[in-house]
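Trainee: Listed below are the residues making up each chain.
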Amino acid sequence: MKSRILPALLAASTALATLSAPAFAQNVIEDYAPVTAEMLANPPAEEWLMFRGKYNNQGYSELDMINKDTVGDLELAWAWPMAEAGIQETAPLVHDGIMFLQTNNNIVEALNAETGDLIWQYRHPVAEIPASWSYQANQARRQKNSIALYEDKVILTTVDAKIVVLNAADGKVAWEKQVLDYNLGYSYTVGAQIADGKIISAISGCSIAGTAGGCYIMAHDVETGDEVWRFNTIDDPNNPEQQASWGGVPPENRWGGTPWTTGAYDPDTNTTYWGIGMPGPYAELIRGSGDGSVLYTNSTLALDAATGELKWYYQHLPRDNWDLDSPFERVLVDQEIDGVMHKMLVTVPGKNGIAFALDRDTGEYLWSKETIVQNVVSSIDDDGKVNINEDLVFNALGEEFLVCSSVSGGKLWQAGAYSPDTQAFFVPLTEACNTVAPTQTEFTAGNAVGSVKFGPRVLPEGITDAGLMQALDINPEQGESKWQYRYRPSPTSSVLATAGGLVFGGDAAREIKAWDQETGELVWSQRLNAPIGGYPMTYALNGEQYLVVPTGYSNSASSISSAFPEIPLPTGSGNSIFVFKLPSDTTTASAN
Amino acid sequence: MAGNSINACFDVTSLGRPFDEAVAKAIGDALFLEVNVVEGFGGFPLNGDGFMDELTLAMNNTCDVFMGVSVSANSPFSEAFSLTRPYATIPFVLAVSDPQWQSLGDIPKDRPLGTAMASMGEMQYITWAQQQPEGQSWVRYPYPDPIKMATRVLDGTIAGMILWQPALARLQAERPETEALRVIDSAPIPGAAVSVGALVSSRNGFLRSEMDQAIDALVADGTIDALMAEFGYQGLAGE
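Read top to bottom, the protein sequences are chains H and L. Numbering of the first sequence is given in my numbering, commencing with residue 1 and proceeding in unit increments. Numbering of the second sequence is given in my numbering, commencing with residue 1 and proceeding in unit increments.
Check the hints yourself; a few may be wrong.
Stated by the list, open to error - Distance windows between CB atoms, simulated:
no.: 1; chain 1: H; residue 1: 382; chain 2: L; residue 2: 188; range: 43 to 49 Å
no.: 2; chain 1: L; residue 1: 225; chain 2: H; residue 2: 226; range: 55 to 61 Å
no.: 3; chain 1: L; residue 1: 38; chain 2: H; residue 2: 267; range: 54 to 60 Å
no.: 4; chain 1: H; residue 1: 391; chain 2: L; residue 2: 148; range: 32 to 38 Å
no.: 5; chain 1: L; residue 1: 133; chain 2: H; residue 2: 435; range: 28 to 34 Å
no.: 6; chain 1: L; residue 1: 3; chain 2: H; residue 2: 463; range: 57 to 63 Å
no.: 7; chain 1: H; residue 1: 381; chain 2: L; residue 2: 78; range: 46 to 52 Å
no.: 8; chain 1: L; residue 1: 61; chain 2: H; residue 2: 382; range: 58 to 64 Å
no.: 9; chain 1: L; residue 1: 204; chain 2: H; residue 2: 571; range: 29 to 35 Å
no.: 10; chain 1: L; residue 1: 78; chain 2: H; residue 2: 123; range: 33 to 39 Å
no.: 11; chain 1: L; residue 1: 78; chain 2: H; residue 2: 37; range: 51 to 57 Å
no.: 12; chain 1: H; residue 1: 400; chain 2: L; residue 2: 111; range: 28 to 34 Å
To be verified - Calculated from the model, a selection of chain H residues having no Cβ within reach of chain L, i.e. all distances over 10 Å:
no.: 13; residue: 80
no.: 14; residue: 253
no.: 15; residue: 387
no.: 16; residue: 437
Stated by the list, open to error - Partial list, computed: chain L residues near chain H (C-beta under 7 Å):
no.: 17; residue: 118
no.: 18; residue: 123
no.: 19; residue: 126
no.: 20; residue: 127
no.: 21; residue: 130
no.: 22; residue: 133
no.: 23; residue: 140
no.: 24; residue: 141
no.: 25; residue: 144
Derived from the structure by calculation, the hints contain no laboratory data. Glycine included, C-beta positions come from ideal geometry on N, C-alpha and C.
Taking the hints into account, I'd like the entire structure generated from these sequences.
Mentor: Below you can see the structure in the form of structure tokens.
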């Protein structure tokens with residue numbers, strides 16, 4: 001890497017700098033190479049420019065220096081403690097020799113990707129909020145799963161519902177925009193997708209009373225921040241079927257529909273794909289929607305990136321009564337078979353762990369495949385209509401059912417990865433069940449909260465291993481099991497697939513593992529300081545391939561602590577990244 | 001608790017917040033204690049995430065008592081906290097604007113009702129409705145905001161609303177346009193009422209005992225009744 005990181009002058013006095021120089025250090029990257037739209041469409045193999053590497057959300061790298069033969073030689077290159085304790089799901093990005101690392105409380109850091117030296121740090125000044133808004137204060141401690149790069153900017157979405165655009169060179173704010181009113185409960189918990197000249201993002205906080213009737217995927221002009229369009233996931237005036245699906249419940253009495261994971265994008269059709277979460281309140285008995293399917297909750301939405309108009313939708317779980325939401329990553333897969341190109345959207349969208357494949361141009365259902373133990377979906381028709389197990393629909397408050405998977409099990413935010421080399425989709429899953437009962441609890445008199453009570457998480461009968469790495473053999477006709485790897489701890493990180501024939505993923509027992517994509521054989525593991533977390537990724541610099549492994553706390557890591565006493569969580573959050581590489585005498589990295 | 005003063009905390013989103021403060025001051029007068037009013041917290045999501053964490057922090061750090069909590073058989077509070085005896089028991093009510101209706105049974109079944117979201121009154125209605133033959137109950141929509149719900153009663157979107165009576169009293173005290181709302185008999189739905197008390201640390205049995213005695217005295221001498229009348233509350237002192 002070129003030497004182009006120069007220390008900047010500080011406003012602090014010499015005496016102050018002497019006392020606490022590292023805390024005030026602020027450097028500037030010279031000659032930062034802009035991330036162009038072309039680069040976003042076709043990222044260099046050596047870089048990791050967005051949430052899951054590419055617009056297709058595959059979580060796949062073409063780098064192959066770290067492979068089945070060499071992975072055992074990995075050595076620690078450097079490590080870095082993140083700037084904040086608390087839960088995080090960091091997705092580090094690398095461009096032009098710089099790693100951009102975000103953690104909770106909207107802190108972004110730029111690090112020298114070769115040495116691990118800090119270049120700059122941005123700490124978002126979160127708006128002052130009254131003590132009465134303690135939930136919003138809690139939101140600040142929640143994870144942010146990604147940031148975005150575009151031209152010479154880093155684009156951040158914040159807990160106080162802002163888009164903040166930083167100069168990549170120095171971390172200074174270029175501009176910011178208040179998108180929605182955080183006083184109503186709106187906040188960002190996922191990062192943006194930069195596509196079609198827009199910042200396409202999705203808001204969270206949609207289960208809070210003040211946000212009734214509006215949960216949005218939104219597009220803002222990437223240069224000006226002007227809003228271009230917004231799509232309301234629980235109120236679509238252009239679709240009578242959507243309105244009717246709420247059983248007469250007016251929009252102002254609807255909640256939920258949060259898009260919890262950054263979407264995928266197909267530049268060929270200018271379509272952005274997003275997954276949508278559960279309805280609120282959780283139980284139809286309380287939300288008043290009867291047997292309505294409550295669209296577009298638990299659905300995949302395909303939106304025109306230019307206009308925000310709905311192209312199609314597919315609902316993976318109608319009538320959700322158990323908070324088994326389905327917002328997780330949508331993966332775009334192209335396969336050419338007998339001269340015909342098949343353009344699929346593949347996903348394990350929700351906590352019940354069922355895999356789906358759709359034709360991504362039409363939304364047509366192709367196939368589905370069960371993975372973990374689940375009892376909520378009784379069948380899926382040939383045309384893709386999902387039929388729920390109506391025996392688990394509550395008829396009375398306090399009625400309790402054992403529901404599999406659990407609200408904190410199944411498929412959670414940890415993203416799977418698809419390898420075009422093996423045409424396999426690798427999905428981290430957790431076996432779990434818990435009792436669910438609709439209930440109401442009054443803390444403050446007359447001011448009750450709560451709509452569903454969850455019992456402790458238990459393993460399904462006959463299963464002693466919670467963790468499951470499921471490899472699915474994918475084609476347009478089917479998604480059959482290629483291999484399974486079962487292990488006691490829950491997976492707590494996303495998955496990375498590489499052209500080295502490997503798939504990487506980590507667990508609550510602090511182990512980062514590498515499996516052979518073809519066979520499922522465990523070929524490498526390394527125990528680290530805390531549960532493996534976030535989104536492992538890889539990049540290459542100066543002919544060497546690096547593997548980045550985040551560790552620390554997330555909702556998944558903390559919820560596992562009560563399930564397996566023999567896998568204790570460490571003291572402190574341990575939020576860190578570990579960067580591995582091969583010994584320097586190993587052959588030069590290449591992209592196949 | 002320090003010397004002759006006591007820190008009384010409140011959920012700032014509590015529907016009975018001003019009444020609870022008045023009761024706290026009356027209890028302080030009875031015990032010859034100065035009451036320091038401390039704003040607590042609020043603004044939680046519908047599922048209550050974070051409430052118990054914040055409550056525990058507040059009770060450990062700041063509050064001697066936390067006023068205005070629900071005293072019920074299945075208390076959600078941890079054993080680290082004790083509930084006082086209730087200082088008031090206040091009902092949920094059905095409020096309408098149509099002068100023709102004298103009870104819930106007068107409302108046509110094709111008109112929807114509103115309920116205070118996740119409330120005891122809503123729970124009572126759902127439980128009753130689930131026991132009725134199809135078509136013999138009213139469609140119901142949940143509302144977290146009493147002002148929005150009252151607006152929808154007044155504009156005819158919903159026929160009536162079931163809410164905690166202090167919420168209605170506060171609406172009518174603060175918003176003249178809600179004057180047209182009146183309470184009618186909620187039969188055939190069984191009545192629902194909330195007993196209101198305070199929370200103290202389980203380690204401070206002395207304070208709880210003193211609070212209970214003070215509440216007894218304030219109920220007996222009519223102080224609580226007078227405060228309920230002042231705030232326009234229905235229901236009973238103590239219970």
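Trainee: Evaluate the condition: distance from the CB of residue 437(H) to the nearest CB of chain L exceeds 10 Å.
Mentor: holds, 12 Å
Trainee: With a cut-off of 7 Å, does the beta carbon of residue 130(L) approach a beta carbon of chain H closely enough for the hint to hold?
Mentor: With a minimum Cβ separation of about 6 Å from chain H (threshold 7 Å), the hint on residue 130(L) holds.
Trainee: Using the beta carbons of residue 400(H) and residue 111(L), state whether their distance is inside 28 to 34 Å or not.
Mentor: holds, 33 Å
Trainee: Does 28 to 34 Å hold as the CB distance between residue 133(L) and residue 435(H), or does it fail?
Mentor: holds, 30 Å
Trainee: Would you settle whether the hint for residue 127(L) is holds or violated, based on the nearest Cβ-Cβ distance to chain H being less than 7 Å?
Mentor: Hint on residue 127(L): holds, closest Cβ of chain H at ~6 Å, below 7 Å.
Trainee: In terms of Cβ atoms, is chain L entirely out of 10 Å range of residue 80(H)?
Mentor: Given a closest Cβ separation of 29 Å, the condition holds.
Trainee: Can we keep the residue 144(L) interface hint, with Cβ of chain H closer than 7 Å?
Mentor: holds, 4 Å
Trainee: Given residue 126(L) as an interface hint, is its Cβ closer than 7 Å to any Cβ of chain H?
Mentor: holds, 6 Å
Trainee: For residue 3(L) and residue 463(H), compare the CB-CB distance with the range 57 to 63 Å and indicate the outcome.
Mentor: holds, 59 Å
Trainee: Holds or violated: the 46 to 52 Å window for the beta-carbon distance between residue 381(H) and residue 78(L)?
Mentor: Given range 46 to 52 Å: holds, Cβ gap about 47 Å.
Trainee: The output says residue 253(H) does not contact chain L. Does that hold with a beta carbon cutoff of 10 Å?
Mentor: About 4 Å separates residue 253(H) from the closest Cβ of chain L, which leaves it inside 10 Å; violated.
Trainee: Does the Cβ pair residue 78(L), residue 123(H) satisfy 33 to 39 Å?
Mentor: holds, 35 Å
Hint compliance for this structure: hints 14, 22 are not met, and every other hint is.
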